[in-house]
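Novice: Order-wise, the sequence lines are chains A and B. When you number the first sequence by our numbering, it's gap-free, plus one each residue, and the end is 195. When you number the second sequence by our numbering, it's gap-free, plus one each residue, and the end is 390.
Among the clues, some could well be false.
As the list claims (entries may be wrong) - The calculated DMTMM-like cross-link candidates involving lysine to aspartate or glutamate, where the alpha carbons are at most 25 Å apart (straight line), are: (1) LYS248/B / GLU320/B; (2) LYS248/B / ASP207/B; (3) LYS37/A / ASP12/A; (4) LYS53/A / GLU96/A; (5) LYS53/A / GLU88/A; (6) LYS40/A / ASP12/A; (7) LYS53/A / ASP223/B; (8) LYS248/B / GLU208/B; (9) LYS53/A / GLU77/A; (10) LYS248/B / ASP149/A; (11) LYS248/B / ASP34/A; (12) LYS232/B / GLU13/A; (13) LYS37/A / ASP223/B; (14) LYS53/A / ASP229/B; (15) LYS235/B / ASP207/B; (16) LYS40/A / GLU54/A; (17) LYS248/B / GLU272/B; (18) LYS232/B / GLU272/B.
Said to hold, decoys possible - Short, incomplete list of chain A residues facing chain B, as computed with Cβ under 7 Å: (19) GLY4; (20) ALA8; (21) ALA15; (22) TYR27; (23) ASP28; (24) VAL130; (25) GLY166; (26) GLY169; (27) LYS175; (28) GLN182.
None of these hints come from the bench; they were simulated from the model. Predicted model, so just to flag it, every value in this text is computed and none were measured. Even for Gly, the Cβ is constructed at its ideal location relative to N, Cα and C.
Spelled out from the first residue to the last, the chains are:
There are 2 protein chains.
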Amino acid sequence: MTRGRPIAFSPDEAANAAMHVFWARGYDSASTRDLLKAMKISRSSLYQAFGNKEQLFLEALRRYRGNLIDRLNRRLEMSPSAIGFLQELFMETAMEAGSERSALGCLIFNSASELGQRGDIAAIETRRSVQAITALFHEAVVRSQAEGDIAPDRDALALATYLTLGMAGLRTLLKSGADPTQTRAAAELLLDTLR
Amino acid sequence: MTRGRPIAFSPDEAANAAMHVFWARGYDSASTRDLLKAMKISRSSLYQAFGNKEQLFLEALRRYRGNLIDRLNRRLEMSPSAIGFLQELFMETAMEAGSERSALGCLIFNSASELGQRGDIAAIETRRSVQAITALFHEAVVRSQAEGDIAPDRDALALATYLTLGMAGLRTLLKSGADPTQTRAAAELLLDTLR
DNA sequence: ACACATATGGACTGATTAGTCCATATATAA
DNA sequence: TTATATATGGACTAATCAGTCCATATGTGT
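Model the full assembly from the supplied sequences, consistent with the hints where possible.
Specialist: Structure (structure tokens):
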């Protein structure tokens, strides 16, 4: 079938490692040396397999988005109530306050903040990622309405956008090291809007 | 009094120019060349007058915070109702959707996202800036309670944190180019929590 | 066995980075 | 007028940046 020397690393694992670097350091601050070290491949292999830094970032972002959306979708499906899913998701996130995890934030919102103003492909892909989150929230809201937990006459799209705004704000709050108690209280207020 | 050649530029104006560079490009991506060009001073003068890039950033951030908080404080004082102030502030911000202004975001929240994880002075100063915003919102909430627009038994600090979360989320939404109509609708939902 | 195609390590590039240094300019105090 | 103190322009540095290139390694198909 294929000719030539076979690849000596798992592109999947390498892309995953790159994702974590971009997640922790952001796009600009992640140097190719950082990436190579984490991916445990040579410079040639990176450019051979992924093209360039921007394309590698796109791959990492799509992966992150895919993982996130899939995981949340599965969780939403498994959840006996859609509103319960939303409540748990936000409260669990708020509970990260003070932990090391909270410093990482979310790659999608991190990228929105860093790249939002740029007009390039990375910015466009970031926008799509934010929209994907809103779409997931929209599904949860619509299901909540069907389940009688949210009034059917309420604007599901507005609520979904509101939840995206809320999650983005929550992540910013966590990054700025806000007080855990107040963070939880704010998340509860956020969720009150759904009822 | 003073000896030696006098400064040939306004440190105030120079710092202001630097503030705008950091605002538009972020901390890491703002190169000293960008800064020098915008500040219209020589490299020597920058290091002579401001120390180094980090210190210049701190100066810029403190200026931004000072300007912002002063302006909002004045506006709050002038406003006949504190809740009206909050409503106008959030709705005006939401109205930025689609405009060029929305790409800039807020230097404080931008910095929280970019520097939040670092442990250095810049990160600490960023946290203080976020807290200053929360303090201003707290004042507005307390006044709203005194004015009978928010029930006196509600947790003013939690509401203030919630508003900070809301503004941070709103700015992220704007940066990600969210739909103007949905953004406004989300901001309205945000404000509903106050009533 | 051998030709071929792809992968890889690592040296290299030119650009850019933050920051330093020094000669010179320009003011004030005596 | 002269000594002194600070400001400034601009050359310079060492490090780092993303990306290229080539010799070599290592497979597969014939």
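Novice: Starting from LYS37/A, check that the Cα of ASP223/B is at most 25 Å away, please.
Specialist: Distance ~21 Å between LYS37/A and ASP223/B Cα, so the pair holds.
Novice: Verify the proposed pairing of LYS248/B with ASP34/A, using a straight-line Cα cut of 25 Å.
Specialist: Judged against 25 Å, a Cα distance of about 23 Å means the pair holds.
Novice: For the hint on GLN182/A, just tell me whether its beta-carbon gets within less than 7 Å of chain B.
Specialist: Hint holds; GLN182/A Cβ to chain B Cβ min 4 Å, cut 7 Å.
Novice: Please verify that hint: ASP28/A, Cβ, nearest Cβ of chain B, below 7 Å or not.
Specialist: holds (5 Å)
Novice: Please verify whether LYS53/A and GLU96/A have alpha carbons no more than 25 Å apart.
Specialist: violated (31 Å)
Novice: Against chain B, with CB atoms and a cut of 7 Å, does the hint on ALA15/A hold up?
Specialist: With a minimum Cβ separation of about 22 Å from chain B (threshold 7 Å), the hint on ALA15/A is violated.
Novice: Please work out if LYS235/B and ASP207/B have their alpha carbons no farther apart than 25 Å.
Specialist: Roughly 12 Å between the alpha carbons, so the hint for LYS235/B and ASP207/B holds.
Novice: With the threshold set at 25 Å, check whether the alpha-carbon distance from LYS37/A to ASP12/A stays at or below it.
Specialist: holds (16 Å)
Novice: Given ALA8/A was flagged as interface, is its beta-carbon under 7 Å from a beta-carbon of chain B?
Specialist: violated (33 Å)
Novice: A closest beta-carbon separation below 7 Å is what the hint needs, so does GLY166/A meet it against chain B?
Specialist: holds (6 Å)
Novice: Are LYS53/A and ASP223/B close enough, with their CA atoms no more than 25 Å apart?
Specialist: Answer holds: LYS53/A to ASP223/B is near 17 Å, not above 25 Å.
Novice: Against chain B, run the beta carbon of VAL130/A and see if the smallest gap drops under 7 Å.
Specialist: holds (4 Å)
Checked against the numbered hints above, the structure breaks hints 4, 5, 9, 10, 12, 17, 18, 19, 20, 21 and 22 and satisfies the rest.
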